[in-house]
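Novice: Per the working numbering: the sequence shown = residues 20 to 582.
Treat the hints loosely; a few may be bogus.
[To be verified] Calculated pairs, DSSO-like style, for lysine-lysine (alpha carbon to alpha carbon, straight line, at most 30 Å):
no., residue 1, residue 2
1, K494, K243
2, K494, K435
3, K158, K453
[To be verified] Distance ranges between label pairs, derived from CB positions:
no., residue 1, residue 2, range
4, S51, T499, 22 to 30 Å
5, S567, D487, 20 to 28 Å
6, N440, L558, 23 to 31 Å
Keep in mind the hints are simulated off the structure, nothing from the lab. Glycine residues also receive a C-beta, built at the ideal position from the N, C-alpha and C atoms.
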Amino acid sequence: MPAQNHIINRQQFIIHTKSEKHAYTIQNSVSSLFHTKIINIIDDICSARVPADQFIRLPALHLNLGTISYAHLEEEFVDAFSRHFAAQLEACLHITKTEEQNFVARPTILHTDEEQGESPALAQSKAEHTWELFYYFLKSGTFPWWAKNKEIIHLEKEFLHILAHPKPDVKDYLAELLTARPTRLRLVQQFSDKLIFEIGRTLSPQSMDIVEQLLALYRDLLQKKKKAYADFRVIFWQLVIFHFTTFRSTQLINRHLVFDSVAAVVDYVHTSEAKVCAALVTDARLAKIVYDHGESRLLSQIKSHLQVKSHRFPQKKDSDEQRSAPAGMDHKKELRDIKRAGEEQFDRQSKTREESKDKRFKKVSISDEPHIDQPARIEKKVDVLDEQQQKSKDLFFQEALFVDNAGLVLLWPYLKIFFTNLGLLSDGLFLTLKQREHAIHLLYFLCTFERSAPENLLTLNKLLCGWDLDKPISKTFRVTKKERLECEKLLQSVISHWSALKNTSVKGFLHSFIQRNGILTHDTDTWLLRVERKAYDILLERLPWSISLLKLSWMKTMLRVEW
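Produce the complete structure using the sequences and hints provided.
Specialist: Structural data, given as structure tokens:
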């Protein structure tokens, strides 16, 4: 049987004593008992009463241990806690039975108080737990207190299992979740093509054939042009999910997807647009894709536009100026105009069906998307969050956030020169979002020397680099030889200046101090980081610099540290 994990968000003991004389002794004794005995008692009782395939969340559990004598504090306290905890837990479990067939796709965070009822606990199957964790992560980029950060490793596999055996509501709630651009971007950046394919099949199974054909065409084109697929996939998959959650008609989805993805790939390979246009015009696969889906008129519009563009672009390869369009030309506007003119009649015929579209959406014109370097510049439909959704979003960062690299705060005096030496800072500020994003990844590399960082492990990194916590960030990144050497140099410098560490190795320093659990909480305009204590933290008394208050020049909020 696999080991079970039981997580406590916080615990509080309230003890009334007649003698102030014994208060401090009782406080220390109870604290010691909790860590040496009570924790194990909780673990044993929970493991014995909760099935391994079930997840129980208790918002609160109040125990009245009665009167305990000071003379027999340890024995009576432990005995009373064991009896009362077991009884209270049993009472909660009795009214929170759940079974796999009762799976409800709607995440608990979206349930109203009336829907949740007055049950003191929430019981979930493994599928429900996975779905809610997936929803929470896509919305916030973090994990809630009731989940361990390492669960991100298995999240994709578990969600694929849900999609392999979908319940009726899963499609609707996936569509609702992915109408927001940040969640689409996070999905594409944090998960594999395999999972996105399966989500696509759930949302619009009839359109996945054309998606696969387009993807094969573009991957081949990018390979010939020696362009990275990794960056384009972010653009392409966002287009796919956007169209799947915006249009109900398969014909509309396919029509918009072909035209918009062609525009996107031409924009992406912008250093040789003429050749790209020519390649697409003559590629038989594009014609087959369009004809197979009954859109021959669309193909003639695309070809006409691409031929015009290819003739207007200079064919020389020397400079960027020679590769760019003549001044005054707006090819993206031209592309939109051609598309709009060719689709007017088609859209009028579909208007009646589309007017029944969910009222959660409204149509607006978006001229740019800040995180897509080559935006398709198409008309977008963006979601208007209802009051309940907005309220649930606000709740994400009211809870405590658990981090695994709390010791990063020890490095703060070195970060400015570190980022400056690597060309990421100018006058103490990041000049671009890309530089700020790379700084976040470098801090992760400093802690782990790994080049793949799930977003929920970057919470403290974001805070230290002035990045909004709910703002998506890429998972993988590149580290140059120079950057690796600068990371090693920084860590060695910290060790040498902190004389108490003596001959500690970099690996030992990271394990002992940097890779430390911590809890982040937000209070008005500041954040508080509480760091887990270890026995060897006595060495912090000889740390040459203070870590109690941090506010670097590029940070948006102040960070207080309790260690």
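Novice: None of the hints should be skipped; say for each whether it holds.
Specialist: Here's how the hints hold up against the structure:
no.	hint	in the structure
1	K494 x K243	holds (26 Å)
2	K494 x K435	holds (24 Å)
3	K158 x K453	holds (22 Å)
4	S51 x T499: 22 to 30 Å	violated (49 Å)
5	S567 x D487: 20 to 28 Å	holds (25 Å)
6	N440 x L558: 23 to 31 Å	holds (28 Å)
Going down the numbered hints, you'll see the structure goes against just number 4.
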